[in-house]
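The listed protein sequences derive, respectively, from chains R and B. Here our numbering is used: position 39 in the first sequence is 39, and no number is missing along the way. Here our numbering is used: position 24 in the second sequence is 24, and no number is missing along the way.
A portion of the hints provided could be inaccurate.
Identical copies carry no separate label here, and so any pair may be met within one copy or between two of them.
Unchecked claim - Simulated crosslink set (SDA-like; lysine to any residue; CA at most 20 Å straight-line):
{"hint": "1", "residue 1": "Lys156", "residue 2": "Gln91"}
{"hint": "2", "residue 1": "Lys156", "residue 2": "Arg88"}
{"hint": "3", "residue 1": "Lys156", "residue 2": "Gln144"}
{"hint": "4", "residue 1": "Lys185", "residue 2": "Leu54"}
{"hint": "5", "residue 1": "Lys185", "residue 2": "Gln57"}
{"hint": "6", "residue 1": "Lys68", "residue 2": "Ala180"}
{"hint": "7", "residue 1": "Lys185", "residue 2": "Ser50"}
{"hint": "8", "residue 1": "Lys156", "residue 2": "Ser50"}
{"hint": "9", "residue 1": "Lys185", "residue 2": "Pro56"}
{"hint": "10", "residue 1": "Lys185", "residue 2": "Pro51"}
{"hint": "11", "residue 1": "Lys156", "residue 2": "Thr30"}
None of these hints come from the bench; they were simulated from the model.
There are 2 protein chains.
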Amino acid sequence: MVRRVHAKARWDSILDGSTPLTIDALTRLTAALDDDLQATNRAIVAKMESPVALIPQLAAHLVAAGGKRLRPLLTLASARLCGYEGERHVQLAACVEFIHTATLLHDDVVDESVLRRGLASANAVFGNKASVLVGDFLFARAFQLMVADGSLEVLKILSGAAATIAEGEVLQLTTQNDLATTEQKYFDVIRGKTAALFAAACEVGGVIAGRTPAECAALATYGMDLGMAFQLVDDALDYNASVAELGKTIGDDFREGKLTYPVLLAIAEGSQRESAFWARTLGEGEQTEQDLATALSYITRHNTIERTIARAEVFAASACAALSALPSSAIRDMMRDVAAYTTARRY
Amino acid sequence: MVRRVHAKARWDSILDGSTPLTIDALTRLTAALDDDLQATNRAIVAKMESPVALIPQLAAHLVAAGGKRLRPLLTLASARLCGYEGERHVQLAACVEFIHTATLLHDDVVDESVLRRGLASANAVFGNKASVLVGDFLFARAFQLMVADGSLEVLKILSGAAATIAEGEVLQLTTQNDLATTEQKYFDVIRGKTAALFAAACEVGGVIAGRTPAECAALATYGMDLGMAFQLVDDALDYNASVAELGKTIGDDFREGKLTYPVLLAIAEGSQRESAFWARTLGEGEQTEQDLATALSYITRHNTIERTIARAEVFAASACAALSALPSSAIRDMMRDVAAYTTARRY
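Next up, chain R with everything else stripped away, as it sits in the complex (with noise of 0.2 Å):
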């Protein structure tokens, strides 16, 4: 279980890198299912071909570009978890992987990035247009993986994520600059963006291992609930400067006029100077240089970037309780460490 007790001592010892211990949770849970995930990279290149030589070149760069393949891990490992011994749960991984880039591809022309993962966004290197096509081709490219499996439960599966995903943007598109947006919304904004995938991901390994309809929904609250810790922890690092120096930029969030959780929480409970300037910076979006440093100071002070942590420990805490359903082994329990390192990790 991921205790909360000692939330910020813990947060404070990983921030000066005196507490690997959780951070390499996903390391070893990928170096377990090595096999799968080798074959599952196999399969998003030989997936991403097109005559159209565009589409395999942009493609390439976020392929290049890295990641964690998170999301296909969780399909995979789901799988494992059921005692699936097949080779579908690969094919779906790519299609997850592939969902998820479509994703990435479209967010980064709606929020005009410039880096991804510390690389120029494919966006900054092929242009918007691209972007938005390579996207749809992606995502097209998903569903036919999805039919070519042959499952309409699995089918279902993703389709309504695809659909719950889309909406969670464009709600986030709606808040945007919304200083009236409350946490509730940002929840449904985060379970739509991010926890639909992450739980969509999941749940699929235990369809194709034939499980109970009470185990698939446990694999799906186990994904839902990491996958909301997960967003949570983005947020609360897109305000943390030690972050800088890993290759992301800070501050995207704020420049965007995101409403996001460690904002919330200090527009809550700021004073009348604290309201007037999240009011100019986020509500009408003007902002100067040094802004961002006056939302760091407002936001240090009212201590959010620990209790958005607090609330993401909640949340992986619900995700490992979820998998108490399923039986006991070494892969569950380096899911449960995944959980706990996702509210951990630094980048």
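Given the structure of chain R, go ahead and fit chain B onto it with the hints provided.
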């Protein structure tokens, strides 16, 4: 059968309004399938619902803008031609329209369009970001509709079409401003971006009616060739000054540096002076206000609008011929007339 002999004479008479006879083939088919089309419209409105208000708002803007519903009509007509008596064709027609609408939304972002069917385009009203994300939603929703239908064969056809559309769009992007674009590549572009969905829309009508593979393939050929004809005419009309009155801008393709058929023909036969003009305006994208008029004069000089229409008529004739594989009926006659209408339409 469509006749090519009097292509120029017919085209002229259509432009001056003296040949209405084929114009309303689409209207007649629409009337014949009125109940089905009304049901499809209801399905479209019902299925674009979402708790995220911007989604139905933006989608309603597109529905309000009208459109001929040509693609869903093809699904309905093909199903009825094949003697289909159930209700699945309505949901699949809605799904075809969703794929088309998602493509339009992304096209308008890519092309930076401000008008669509004579009204402000969605991206002009709601912004590029909303258009990208709502397009994603409609695409995902289309897949949910297909999954609800439950036929893996239908899913295969439509997911394949979706991937082909995206490939066509990306190929179009890479040929933009490229004067070395071949006719072959141009045909690849329009086969992907337009004809593939026409083909799929028709084919699924045969599939749900349980027709033979040969008959379904004939419907796909009809749709494919009809789509080729349709896009060729569209590309011709973009250089036809008389359509400007009908709420459609002309010269969009020219301004966007698209190497469409009327231009490819003119380039191939251009004088040195003309070549320099195309190199500057389309190759370099350096255009002044008078350039469209000059482009039109070159196109007129080489008679390439009529020649593009004539090429469209070859495809339309092939579309008609494909229908011979299916039983004679009033619907089949109307579908043939629609092919003729496609090359005769003026907007």
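One pair to classify: Lys185 and Pro51, alpha carbons no more than 20 Å apart. Within, between, both, or neither? between (43 Å within a copy, 12 Å between copies)
Alpha-carbon proximity context of Lys185 and Leu54, limit 20 Å: between (38 Å within a copy, 14 Å between copies)
For Lys156 and Arg88, with the copy left unspecified, which applies at a CA distance of at most 20 Å: within, between, both, or neither? both (16 Å within a copy, 17 Å between copies)
Regarding Lys185 and Pro56, is the shortest C-alpha distance of 20 Å or less found within a copy, between copies, in both, or in neither? between (37 Å within a copy, 18 Å between copies)
How would you label the pair Lys156, Ser50 (within, between, both, or neither) given a Cα cut-off of 20 Å? Result: close only across copies, 17 Å inter versus 26 Å intra.
Within a copy, between copies, both or neither: which one fits Lys68 and Ala180 at a CA-CA cutoff of 20 Å? So Lys68 and Ala180 fail the 20 Å test inside a copy (34 Å) and across (41 Å) alike.
Status of Thr30 relative to Lys156 across identical chains (alpha carbons, at most 20 Å): Neither: 27 Å inside a copy, 32 Å across copies.
Could you figure out if Lys156 and Gln91 sit no more than 20 Å apart (CA to CA) within one copy, between two copies, both or neither? both (16 Å within a copy, 16 Å between copies)
With 20 Å as the alpha-carbon cut-off, assign the pair Lys156 and Gln144 to within, between, both or neither. This pair counts as both: shortest intra-copy Cα distance 14 Å, inter-copy 7 Å.
Checking Lys185 and Gln57: alpha-carbon separation at most 20 Å within a copy, between copies, both or neither? between (38 Å within a copy, 19 Å between copies)
How would you classify Lys185 and Ser50 at a CA-CA limit of 20 Å: within, between, both, or neither? Classified as between; 15 Å across copies, 39 Å inside a copy.
Violated hints for the displayed structure, listed by number in ascending order: 6 and 11.
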